[in-house]
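K.L.:
Generate the whole structure from the sequences, applying the supplied hints.
These protein sequences, in sequence, are chains A and B. With our numbering applied, the first sequence corresponds to residues 1 to 244, in that order. With our numbering applied, the second sequence corresponds to residues 1 to 209, in that order.
Incorrect hints may appear among the rest.
If the Cβ cut is set under 10 Å, some of the chain B residues that face chain A in the computed set are [to be verified]:
#1 Gly121
#2 Ile195
#3 Leu199
Not close to chain A: a few residues of chain B, all C-beta gaps over 10 Å, as computed [claimed, not checked]:
#4 Leu4
#5 Trp49
#6 Phe60
#7 Ile63
#8 Pro64
#9 Leu75
#10 Gly82
#11 Ala83
#12 Met122
#13 Gly164
#14 Leu183
#15 Gly198
#16 Gly201
These stretches of chain B come out as covered by chain A in the derived footprint (C-beta under 8 Å, 3 or more residues) [what the hints assert, rightly or not]:
#17 105-113
#18 131-139
These are calculated hints, taken from the structure and not from any lab test. Note that the Cβ used here is the ideal one computed from N, Cα and C, for glycine as well.
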Amino acid sequence: MTPVLEVRDLSYRLPGAGDRHLVTALSFSVAPGETLVLLGRSGSGKTTTLKLINRLLEPTRGEVRLQGEATATLEPYRLRRRIGYVIQEIGLFPHFTVAQNVGLVPRLEGWPPDRIAGRVRELLALVGLDPDEFAERSPRALSGGQRQRVGVARALAADPALLLLDEPFGALDPITRVELQREFRALEGRLGKGMVFVTHDVREGLLLGTRLGLMHEGRLAFLGTAEEFRRSNDPQVKQFMEAA
Amino acid sequence: MNLLRFYGDHAREAFGLLGQHLVLVGASTFLAVLIGVPLGVLLTRRPAWRGPVLGLANVFQTIPSLALFGFLIPLPFLGGIGARTAIVALVVYALLPIVRNTYVGISGVDPAVREAGRGMGMTDGQLLTMVEIPLGLGVIFAGVRVATVVGVGTATIAAAIGAGGLGVYIFRGVSTVDDTLILAGALPAAILALIADGLLGLIERRLAR
Ligand SMILES: Nc1ncnc2c1ncn2[C@@H]1O[C@H](COP(=O)(O)OP(=O)(O)OP(=O)(O)O)[C@@H](O)[C@H]1O
Ligand SMILES: [Mg+2]
Chain A
1 MTPVLEVRDL SYRLPGAGDR HLVTALSFSV APGETLVLLG RSGSGKTTTL
51 KLINRLLEPT RGEVRLQGEA TATLEPYRLR RRIGYVIQEI GLFPHFTVAQ
101 NVGLVPRLEG WPPDRIAGRV RELLALVGLD PDEFAERSPR ALSGGQRQRV
151 GVARALAADP ALLLLDEPFG ALDPITRVEL QREFRALEGR LGKGMVFVTH
201 DVREGLLLGT RLGLMHEGRL AFLGTAEEFR RSNDPQVKQF MEAA
Chain B
1 MNLLRFYGDH AREAFGLLGQ HLVLVGASTF LAVLIGVPLG VLLTRRPAWR
51 GPVLGLANVF QTIPSLALFG FLIPLPFLGG IGARTAIVAL VVYALLPIVR
101 NTYVGISGVD PAVREAGRGM GMTDGQLLTM VEIPLGLGVI FAGVRVATVV
151 GVGTATIAAA IGAGGLGVYI FRGVSTVDDT LILAGALPAA ILALIADGLL
201 GLIERRLAR
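P.N.:
Laid out in structure tokens, this is it:
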């Protein structure tokens, strides 16, 4: 089966800043139904990696393939509509209702309004928000956890093959966080999408990841299953496991 | 009371001048929005142009209005005596607040929201029309309000180059040392500025999100 995502020898050098690489020689792939968790300390290059995949940043070397197709040859905005993206700060549009936020990509893609409305209701229910109660609300009138749910629903709207999630449960109280993690785990199985899930929480990574990658100073210091991660002798991994 | 009697005797003329004044301010503000908003948007896309363009607009702003009218009169096409020259000068003054506020309003949009828009696959045009302009509209409109209010005042000087407007009474009153005549022009101009400020301020608060 063609992987949803293949990343080969991906590097990114800051333009103009001498030889500083934010990301160096990354290679990995993600199959349908698989969740690759990217762990790493703050500043290790996780967000940069996601932006290289959807071309918010242009790689200086290497190749990214989405469902077998080289992303470099696609129009960036077309590429991005095929990839669900939950950004670290969520970034809901404050002047849109919840329903308009969730229905954004279908609207950009020119779906008829009644189909968008149906899809929005379906997605809100999927992420545990009652459509009758939440569809017409302003994002300002949501709690942090509800916003995160809307962010995930919005990323799923046009049924993308690949989902990029940048610490989607960051900045939540531990109880809500665990609740969302459980629900997300159940969703993963039902959706069957390829996902790249960024977090710096090892427990979250072990719970949600089919495989884990540990980033350190822009490189993949480790890539393997949860079991392999637990047993690894890699000093970076050990440091991470001890901190958990 | 002299003033009331004056308006009673010259109602047609007074309304005519008021109308001219409104046309001067309305036309120049409209043109300034037409030029200034796209220019402000352009500055958000070409950061290198920001310094020179805002600097130039600033220089224009500091030229005394009577002097600017004077500079314009000898120019071909734009200049000459009359309303056209006055409108050109008023547009020049209105540009700075509109360009600057458009730039500031759009740059002030939460970077996370902009990033989300781009990350979802909006084109630059969609990002502008669906996200940046709606979210910056309150600030952009504040620039239009300032430009309008300043324009109401500056337009009184347009009478000096034969463009009409309420300034006609003021200049005539000054030259004949007639206080009533000065007031007949100055008072409605001041009230007009206050009304414009109040009304546009109301709209602005509704647009600010
Ligand atoms: N535009 C930029 N200019 C300069 N440095 C940058 C830029 N963007 C990111 N960086 C740097 O690149 C490094 C990697 O950043 P990145 O955002 O990918 O980290 P991260 O792993 O997502 O961290 P966090 O967990 O804190 O979100 C950091 O050192 C950051 O300061
Ligand atoms: Mg990050």
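K.L.:
Which hints, by number, does the structure contradict?
P.N.:
2, 3 and 12
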